[in-house]
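Each protein sequence line maps, in turn, to chains A and H.
Residues in the first sequence are numbered from 1 upward in steps of one, following our numbering.
Residues in the second sequence are numbered from 1 upward in steps of one, following our numbering.
Hint data in this document are derived by calculation from the structure and do not stem from the laboratory.
By construction, the Cβ of each residue, glycine as well, lies at the ideal position given by its N, Cα and C atoms.
Incorrect hints may have been included.
[Stated by the list, open to error] Partial chain H-side listing against chain A, Cβ under 10 Å, derived:
(1) A40
(2) R46
(3) F47
(4) V94
(5) T199
(6) V216
(7) R235
(8) N237
(9) Y362
(10) D366
(11) R368
(12) Y370
[What the hints assert, rightly or not] Pairs of lysine to aspartate or glutamate, EDC-like flavour, derived with a Cα cap of 20 Å:
(13) A/K178 with A/E332
(14) A/K336 with H/E120
(15) H/K336 with A/D239
Below are the chains, spelled out letter by letter.
There are 2 protein chains.
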Amino acid sequence: MGFKETKTVDYVLNEAIKYVRHRPGVTEVPISEALYKYLAEDIVARFDVPSFNRSAVDGYAVRSIDTFGASPTNPIILRVIGFMSVGDDPGKYVLGPGEAVEISTGAPLPINADAVVMYEDTRRIGDYVEILRPVPPMGNVSRRGEDVRANEVMFRRGMRLLPWDLGVLASMGIYRVKVYSVKVAIVSTGNELIEVTETPPDGPPPGKVINSSRFVIEGLVKSLGFDPVYLGIVRDNVDEIAEVVRDALERYDAVVTTGGVSVGKVDYTVKAIMKLNPEYLNHGLSIRPGRPNSIAVVNGKPIFMLSGFPVAAATGFDVLAKPILLHMVGGEDEPKPIIRGILTRRVSTPVNTRSFVRVRVYLGKDGRVYVEPLALTGSGILSTLVRGNGILIVPENREGFDEGDEVEVVLIRPIYREG
Amino acid sequence: MGFKETKTVDYVLNEAIKYVRHRPGVTEVPISEALYKYLAEDIVARFDVPSFNRSAVDGYAVRSIDTFGASPTNPIILRVIGFMSVGDDPGKYVLGPGEAVEISTGAPLPINADAVVMYEDTRRIGDYVEILRPVPPMGNVSRRGEDVRANEVMFRRGMRLLPWDLGVLASMGIYRVKVYSVKVAIVSTGNELIEVTETPPDGPPPGKVINSSRFVIEGLVKSLGFDPVYLGIVRDNVDEIAEVVRDALERYDAVVTTGGVSVGKVDYTVKAIMKLNPEYLNHGLSIRPGRPNSIAVVNGKPIFMLSGFPVAAATGFDVLAKPILLHMVGGEDEPKPIIRGILTRRVSTPVNTRSFVRVRVYLGKDGRVYVEPLALTGSGILSTLVRGNGILIVPENREGFDEGDEVEVVLIRPIYREG
């Protein structure tokens with residue numbers, strides 16, 4: 001009994017990805033609804049940004065040639081012919097020789113001006129200004145096109161849109177963008193499951209378990225910027241599971257199932273997916289928790305068969321589903337916060353297995369960072385992800401770490417203070 | 001001209017926070033809509049999770065006392081009286097002495113069973129099973145309450161809800177939670193501004209600038225799990241700005257303005273806020289970019305007066321608005337991804353100023369991580385946040401870093417490969 005042989009995550013990902021040919025749908029949204037979505041198009045600038053030469057400081061717009069040789073002991077005097085505010089038309093003033101225009105940061109340079117002298121380098125006397133230092137051509141000027149040049153490709157397909165990206169798009173005159181709309185169906189399987197909304201106040205009936213994995217997977221799908229579609233609980237029946245998944249594959253971009261992948265007599269989900277003639281199927285993975293996590297590809301679309309235990313399911317989502325879903329939109333995983341700390345207790349893990357150990361990271365009274373492994377008896381212990389704040393990943397080629405080892409931990413919450 | 005004296009970020013935050021007495025509204029939402037929100041209540045477990053003793057493995061449920069002394073050479077033979085599936089009622093079988101029940105992972109233990117022997121330690125012979133190794137009481141059993149105990153406080157007010165937290169809430173039988181609903185008004189000021197939707201295809205009219213900061217601030221507010229409410233563009237007029245902000249303060253939890261805080265003649269926003277009799281006001285900050293960023297508190301609610309330049313505004317939001325908004329909900333800032341790399345070029349920054357230098361982080365062909373500062377002539381250059389992928393923060397007590405120095409960088413996107 002048990003898995004005769006499980007494969008490494010990297011091997012399975014490499015194999016499975018070859019069969020994932022489906023590309024998700026594309027939808028056009030206003031930029032204010034595009035945060036954290038993945039672009040489905042390259043974006044080219046239509047015009048220069050800024051669209052005119054503007055002052056980078058508060059001071060006096062001048063013809064730079066008029067300032068040559070100026071010094072505090074030998075100032076050059078220019079006549080001030082007006083004030084240029086932000087929003088003014090550049091044609092408001094035309095500078096003649098020996099003339100200056102007072103100017104605000106961001107205001108356009110008047111015609112014939114090619115530089116700005118900062119207030120600090122001037123002395124105002126009535127309608128005149130003394131220039132105390134020379135300024136080179138284009139000195140203190142934000143040039144037309146210096147932020148974005150017309151015809152430049154500013155964004156590539158697959159880029160995830162962050163807050164400042166929305167600002168750049170707006171400044172390029174773009175207010176609608178094409179992004180990927182990825183709909184991920186979630187199917188929970190298991191005779192033991194009941195919905196939280198149907199649970200009596202004093203807890204589930206004998207032998208029953210609240211379907212919590214559904215919410216974990218929904219949250220993980222959303223955190224990628226994709227849309228989860230929950231299809232409900234299916235009983236442990238091969239035909240029923242096959243039918244629900246077949247239907248989901250027609251309507252959605254990917255399917256995540258939970259449950260029915262453990263070893264032994266209850267391997268319903270894998271048997272169900274076999275009936276759908278997958279191009280690819282791998283049962284079991286060399287990770288812990290999450291050994292039963294499996295993947296199949298049917299008609300170019302991925303089916304992630306995750307453990308019914310929520311922590312194992314979350315781990316499986318992270319290592320299997322996330323990279324493949326990102327691949328479907330040409331996206332890359334975001335950088336993760338990593339912290340180094342000293343392990344307070346030995347951690348033993350099985351060899352040839354990538355282990356994900358939940359830990360509590362805290363700043364000791366001595367100012368050093370400590371990493372305390374949380375006791376766990378099974379992958380069902382979801383609360384360690386609430387009490388803990390980090391995950392120690394032990395690679396396949398190690399059997400753990402010793403007490404006192406310095407280890408790297410992925411932080412999922414802020415570190416705790418003291419002990 | 002210029003700020004005579006600006007204060008450090010830490011000083012201003014410490015002062016301002018004393019005056020922020022307003023607490024945002026609380027709203028009850030289904031847990032599937034609570035992702036990344038901040039809890040407005042402590043949450044106590046009503047019942048044990050799991051709510052029954054269940055098997056942690058596939059095998060045979062037994063009375064542990066019956067297995068004492070078992071060994072491969074001297075197996076103990078038990079009679080198998082049935083099969084216990086997940087979802088079955090624990091009362092399905094009552095174990096007598098010398099009896100066993102085959103059991104799946106996650107299934108409840110039958111009555112009188114107190115341990116499970118894994119398949120690996122058994123040999124099945126018809127209706128009987130040979131036990132090859134003894135199992136202690138509660139061996140291979142996930143005990144009732146081992147994940148969450150009844151009456152335990154599992155979540156504290158101010159916790160940000162992450163994907164697995166939603167699963168823990170569900171497993172506790174909780175499907176609606178009280179979270180903070182923080183509405184942040186955004187007011188853009190500036191005669192030069194036009195909306196992106198009103199911009200001609202070939203770019204803004206002479207002297208005009210598309211309002212891009214609005215989208216940056218909207219995105220930053222959303223990234224905290226709060227709700228931005230955009231109130232439009234207000235011209236550079238002290239009375240108009242004061243009126244819009246006064247109205248916004250009555251309806252929303254905080255106000256962010258952009259523009260009208262530069263030095264010199266165009267200090268409209270600060271003058272407008274002065275008219276609202278603030279309990280606290282600080283004009284200018286020792287950061288770069290973002291020196292004009294300011295903060296006031298009126299009737300216990302914060303007003304963040306940010307630069308009209310989007311990068312300076314984003315920096316101001318991060319250092320001023322974010323900590324104060326998080327304080328209002330009792331939340332903590334999320335850990336940030338940090339990477340160490342070698343600086344490819346000297347960076348000079350003003351002393352007594354916290355400088356935020358946009359950089360490009362890449363993995364060199366030699367396998368080392370390099371940090372390349374991006375040329376920038378002003379805080380208007382938003383595109384460096386698209387081309388770059390990190391921010392090097394130079395603290396107040398340094399005047400920069402030398403070429404070749406190892407520096408820490410906050411990563412905002414994945415690192416680039418090669419050079």
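message = Going through the numbered hints above, which ones does this structure break? Give me the numbers in ascending order.
response = 1, 4, 8, 9, 10, 11, 12, 14, 15
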